[in-house]
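Asks: Sequence:
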Amino acid sequence: MNALSPVPETATDITPSGEDYAIVKQVIELITIDYREQPSLDAIAAELGQSPTQLQKVFTRWAGLSPKAFLQAVTLDHAKRLLHQEELPLLETSLEVGLSGPSRLHDLFVTHEAMSPGEWKAKGGGLTMRYGFHPSPFGLALVMVTDRGLAGLAFADDEGGRDAYFHDMARRWPNAHYVQDSDATAPYISRVFDARRWACEEPLRVVLIGSDFQIRVWQSLLKIPFGKAVTYSDVARDIGQPTASRAVGAAIGRNPISFVVPCHRALGKSGALTGYHWGLTRKRAILGWEAGKG
DNA sequence: GACGGATTCCGCA
DNA sequence: TGCGGAATCCGTC
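Using the working numbering, the first residue of the first sequence is number 1, and each one after it goes up by one.
Source of the hints: derived by calculation from the structure; they are not laboratory data. All C-beta atoms in this analysis are idealised placements derived from N, C-alpha and C, irrespective of residue type, glycine included. Each hint should be verified, as a subset may be incorrect.
Label pairs and their in silico Cβ distance ranges [what the hints assert, rightly or not]:
| hint | residue 1 | residue 2 | range |
| --- | --- | --- | --- |
| 1 | Ser-116 | Lys-57 | 47 to 53 Å |
| 2 | Glu-202 | Lys-68 | 34 to 40 Å |
| 3 | Arg-148 | Gly-49 | 43 to 49 Å |
| 4 | Asp-163 | Ala-43 | 36 to 42 Å |
| 5 | Glu-201 | Gln-180 | 29 to 35 Å |
| 6 | Leu-48 | Glu-202 | 38 to 44 Å |
| 7 | Ala-46 | Ser-190 | 34 to 40 Å |
| 8 | Phe-213 | Thr-111 | 18 to 24 Å |
| 9 | Lys-68 | Val-179 | 42 to 48 Å |
| 10 | Asp-163 | Ser-190 | 21 to 27 Å |
| 11 | Arg-197 | Pro-174 | 30 to 36 Å |
Start from the sequences, fold in the hints, and give me the full structure.
Replies: Structure follows, in structure tokens:
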């Protein structure tokens, strides 16, 4: 869509182009086969048929980290450290306070509201949902907005599968009225993925449309500070149902606003990345990318 | 009611 | 450690 406006490619560009992710994704898949081996840059480049120099450049532009540092950021050990860094991160962080803690300085500034139970029962009836596809640092992104704010954010693995990804989202609110409108959704993409705009004065408006339980879970996720992680049982405890960790997992899996509601920061108790609706590779990518911004 | 999880725990190489 | 199986709990349809 935006082929006419070239993005300047400088090392300091914190809004990486969508194409970089295609390379990064392959790298992550390679190192995940056996992450203990930590293959050399040369080996990875050879495997992908790229020059090491070029690969290094793309990688650093995308991640803000050298490939080596990135490899370390996606190991199990590192994930465990994220979990234990801070004892109970969920209890003290107030979303409304937003910018109070230094770690949140680099985080996306968000306010949210939830749809009423009645509106949820209507399954989107009476709601106009504008949507569009845009390049993002994690592949093609599908954005859905209502007049109350951002309602959906999904990732697509391939151009050709747009319909499938659209339906994956649209069936969550089957009675909504869907209108393709990339002009309406484009501003959200840059607001969400351009780290320079995360802490701007005006918070990103988000609307959570889900069951009562799901909304409580998603609100809990919104409180996880940037660069931290929690376990499913942490979330269960936070919403006052300490034994519901499995149900929490299911609810997290239905988070409609990926990345913004940071469901990628929920890990298994062992630190393992136990699942992600849009693929474990993407979950690793997001966590590693965040490591480069922290 | 039944179903099935983006869990967890335990036991065994 | 890592892996597999069972226990168990809960939201959803």
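Asks: Hint by hint, say whether it matches the structure.
Replies: Hint check results:
In this structure, Ser-116 and Lys-57 meet the distance hint of 47 to 53 Å, their C-beta atoms being roughly 50 Å apart. Range check, Glu-202 to Lys-68: about 38 Å between beta-carbon atoms, so the 34 to 40 Å window is met. Checked against the hint of 43 to 49 Å, the C-beta distance between Arg-148 and Gly-49 comes to roughly 47 Å, which is consistent with it. In this structure, Asp-163 and Ala-43 meet the distance hint of 36 to 42 Å, their C-beta atoms being roughly 38 Å apart.
A beta carbon spacing of about 31 Å between Glu-201 and Gln-180 agrees with the range 29 to 35 Å that was offered as a hint. Between Leu-48 and Glu-202 the C-beta distance comes to about 41 Å, which sits within the given range of 38 to 44 Å. At roughly 36 Å, the beta carbons of Ala-46 and Ser-190 sit within the given window of 34 to 40 Å. Distance hint check: the CB atoms of Phe-213 and Thr-111 are about 21 Å apart, consistent with the given range 18 to 24 Å.
Remark: the range hint 42 to 48 Å for Lys-68 to Val-179 is upheld by a beta-carbon distance near 46 Å. Range check, Asp-163 to Ser-190: about 25 Å between beta-carbon atoms, so the 21 to 27 Å window is met. For Arg-197 paired with Pro-174, a C-beta distance near 33 Å keeps the hint of 30 to 36 Å intact.
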